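Engineer: Could you put the whole structure together from the sequences, leaning on the hints where they help?
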Amino acid sequence: MKDVCMFEFVSDVLNLKQMDSVEQGRQPLSSAGTGASSLSRVLPDVANDSTPHIGGTLDRVGMSGVELVLRLRDASGEIFRTPARADAAVSLDDERVKGIHMSRLFLSLNNRLADAELSMPVVNEILQDFVKTHADMSANSYLTLQYEHSMKRPALLSDHAGWRAYPVTIQSAYQQGKYRHQLTVQLTYSSACPCSAALSRQLIQQAFERSFGDRSELSHDEIFEWLGTPDAILAVPHSQRSHADVTVELSDDLEEFPIETLIDYLERVIATPVQTAVKREDEQEFARLNGANLMFCEDAARKLKAALESYEGVKDFRVEINHLESLHPHDASAVASSSRS
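Counting along the sequence shown from 1, when you hit position 207 you're at 207 in UniProt numbering, and nothing is skipped either side.
Honestly, the hints are just simulated from the structure, not real lab data. Quick caveat, the model's predicted, so the values are computed rather than measured. Built from N, CA and C at the ideal position, the CB exists for glycine as well. Treat the hints loosely; a few may be bogus.
What the hints assert, rightly or not - Pairwise CB distance ranges (calculated): (1) E217 x T247: 33 to 43 angstroms; (2) L43 x R73: 20 to 30 angstroms; (3) E298 x F208: 27 to 37 angstroms; (4) A271 x K178: 31 to 41 angstroms; (5) E117 x R41: 37 to 47 angstroms; (6) A306 x E217: 40 to 50 angstroms; (7) A277 x K178: 38 to 48 angstroms.
Structural biologist: Next up, the structure:
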């Protein structure tokens with residue numbers, strides 16, 4: 001960042017020297033053999049040299065969708081790179097200033113993230129850079145990072161594995177002299193409907209009654225054989241792919257963003273995350289897990305809420321559940337937030 005500031009300082013000095021030479025009738029600097037060069041005129045700076053037609057302060061001004069690459073560390077300690085997008089902004093607190101220096105935000109992102117592993121201290125440094133390079137006009141700064149976090153997931157029973165990509169959003173701010181960090185992860189899981197399961201069981205009972213209602217006694221072998229027939233599964237509960245968007249506000253004493261540990265914890269709680277590599281034994285185990293974890297959207301929201309209430313390193317949280325219904329063309333949804341809020 002010192003290099004950036006020095007570059008701007010040198011540019012300003014050159015511009016002032018050129019302006020002085022023009023005022024005194026001297027020929028401005030030019031390259032040998034040419035009558036003009038990039039140093040022969042002062043480049044206009046509208047943001048600095050003019051005032052807004054309509055004054056007023058602004059909450060945030062900056063850039064959105066900035067393309068960059070993040071350096072991250074996985075659970076095994078390996079560093080990997082992943083593409084990301086950033087939103088960078090500062091508050092505009094001086095109503096007389098026409099515009100901020102957006103290039104300074106971009107250069108700070110590039111310089112800080114080029115070789116550094118993503119961490120909360122690094123993000124704090126970026127937020128400080130934003131404010132320092134706009135010290136005459138801004139007191140608050142904001143940074144949002146969005147990317148997909150890849151994690152290798154083992155199969156439920158077989159010896160196979162595959163990759164899952166989890167959407168991650170990190171929202172950080174420096175406001176009134178304090179840092180704030182929020183982490184959002186999206187989980188995808190299967191939800192089997194408890195009502196549909198009960199209705200299916202009733203139909204199976206009725207089918208059993210039709211088959212054996214006139215019998216007072218049945219052998220183990222007869223029942224076992226019947227359970228393997230299509231009549232025994234003439235109805236199945238509906239299930240659907242579902243999403244949980246979990247946002248946590250992180251404690252001030254953390255150094256790292258607990259991305260993988262949080263995802264692992266929440267998937268254990270929800271119990272039916274979608275799978276990667278699946279052989280028949282894995283699919284059967286997945287069916288068992290769905291049957292053992294029947295849930296409405298309310299159930300999923302309450303499970304995750306209860307699990308996060310005591311999760312270490314979390315000051316606050318919000319859970320948004322969406323079950324992408326297979327029964328309806330619309331979705332079922334629920335929202336839960338911390339009882340401490």
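Engineer: Decide, hint by hint, whether the structure agrees.
Structural biologist: Now for the hints, and whether the structure bears them out:
1. E217 x T247: 33 to 43 angstroms: violated, 58 angstroms
2. L43 x R73: 20 to 30 angstroms: violated, 42 angstroms
3. E298 x F208: 27 to 37 angstroms: holds, 31 angstroms
4. A271 x K178: 31 to 41 angstroms: Holds: the Cβ-Cβ distance is about 37 angstroms, inside 31 to 41 angstroms.
5. E117 x R41: 37 to 47 angstroms: Since E117 and R41 have Cβ atoms about 43 angstroms apart, the given range 37 to 47 angstroms holds.
6. A306 x E217: 40 to 50 angstroms: holds, 46 angstroms
7. A277 x K178: 38 to 48 angstroms: For K178 against A277, whose Cβ atoms are near 45 angstroms apart, the range 38 to 48 angstroms holds.
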